[in-house]
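Engineer: Below, each chain spelled out in residue letters.
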Amino acid sequence: DTEVTQTPKHLVMGMTNKKSLKCEQHMGHRAMYWYKQKAKKPPELMFVYSYEKLSINESVPSRFSPECPNSSLLNLHLHALQPEDSALYLCASSQDDRPQETQYFGPGTRLLVL
Amino acid sequence: EDQVTQSPEALRLQEGESSSLNCSYTVSGLRGLFWYRQDPGKGPEFLFTLYSAGEEKEKERLKATLTKKESFLHITAPKPEDSATYLCAVQASGGATNKLIFGTGTLLAVQP
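As given, the protein sequences belong to chains P and B, one line each in that order. The numbers in this note's numbering rise by one with no breaks, and the one at position 28 of the first sequence is 28. The numbers in this note's numbering rise by one with no breaks, and the one at position 70 of the second sequence is 184.
Calculated directly from the structure, the hints in this document are not laboratory data. Take the hints with a grain of salt, since some may be wrong.
[Unchecked claim] Calculated cross-link-like contacts (lysine-lysine; reagent style DSS-like; alpha-carbon spacing at most 25 Å):
#1 B:K213 - P:K22
#2 B:K156 - P:K38
#3 B:K213 - P:K53
#4 P:K19 - B:K173
#5 P:K40 - P:K53
#6 P:K22 - B:K156
#7 P:K36 - B:K182
[Said to hold, decoys possible] Not the full set, but computed from the structure, chain P residues with beta-carbon under 8 Å of chain B:
#8 P42
#9 P43
#10 P66
#11 P69
#12 F105
#13 G108
Predicted model only: the values in this text are computed from it and were never measured. We put the beta carbon where it would ideally sit given N, CA and C, even for glycine.
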């Protein structure tokens, strides 16, 4: 089983709202990722968590705040977003953060910021 | 700078018409090359991982090959359900250990 689940599937929020995206996996993976994907573009890495610790932040604005409460869960807290932040947000996981480990993606959350 | 280029950008095939997608890469040292399939509005679905030149992997109508400069995804007798965007990504030995560098994808449309 290589399933990564994400909720919600769709989210519409205003620029003053606070919302959270949730990602869950039960494969025993110890590395989890957040990606952002704009239309007709490839995914762009935002954050990497390894063994529940933030290991990579790709210079993401502070209005995006990741959290890893335990090894199965990954959250992305959103606050004061801009319309240009509208995108498909993808979560992925891998066995660990060693090179060559395959990353498995969830279905994504489609975010629209008004 | 590490770079991945996919061609063509878009490809239209008739059902049963075999073809190949190309992924060229320039990286400091290749640790792995990954192929994903992505349907509109969905997350990428893992297809193959290739680690060294000469390696080949097969799954149903798809076969992935790897050389020192590029990878091919061969599609044999495609069906309409093979229509999707195919993404290639590499992991390089320089930089963040497990960061994926994606190409821009090939949009494949298979017509019945």
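Engineer: Does the alpha-carbon distance linking B:K213 and P:K22 stay inside the 25 Å limit?
Structural biologist: holds, 21 Å
Engineer: Please check whether P:P66 passes as an interface residue: C-beta within 8 Å of a C-beta belonging to chain B.
Structural biologist: violated, 16 Å
Engineer: Sort out whether P:K38 lies within 25 Å of B:K156, counting only the CA atoms.
Structural biologist: holds, 12 Å
Engineer: When the nearest CB of chain B is found for P:P69, is that gap smaller than 8 Å?
Structural biologist: Where the cut-off is 8 Å and the nearest Cβ of chain B is about 22 Å from P:P69, the hint is violated.
Engineer: When you check the alpha-carbon spacing of P:K22 and B:K156, does it fall within 25 Å?
Structural biologist: holds, 16 Å
Engineer: CA of P:K19 to CA of B:K173, is that 25 Å or under?
Structural biologist: Between P:K19 and B:K173 the Cα gap is close to 40 Å, so the pair fails against 25 Å, i.e. violated.
Engineer: Grab the minimum C-beta distance from P:P43 to chain B and call the hint holds if it beats 8 Å, violated otherwise.
Structural biologist: Check passed: Cβ of P:P43 comes within 6 Å of chain B, closer than 8 Å.
Engineer: Can we keep the P:P42 interface hint, with Cβ of chain B closer than 8 Å?
Structural biologist: holds, 3 Å
Engineer: If you draw a straight line from the CA of P:K36 to the CA of B:K182, is it 25 Å or shorter?
Structural biologist: violated, 29 Å
Engineer: P:F105 was flagged as interface toward chain B. Is the shortest Cβ-Cβ separation under 8 Å?
Structural biologist: Hint on P:F105: holds, closest Cβ of chain B at ~4 Å, below 8 Å.
Engineer: Would you check the hint for B:K213 and P:K53, treating anything up to 25 Å between C-alpha atoms as holding?
Structural biologist: holds, 16 Å
Engineer: Keeping to a limit of 25 Å between CA atoms, is the pair of P:K40 and P:K53 held or broken?
Structural biologist: Answer violated: P:K40 to P:K53 is near 31 Å, above 25 Å.
Consistency note: the structure conflicts with the earlier hints numbered 4, 5, 7, 10 and 11.
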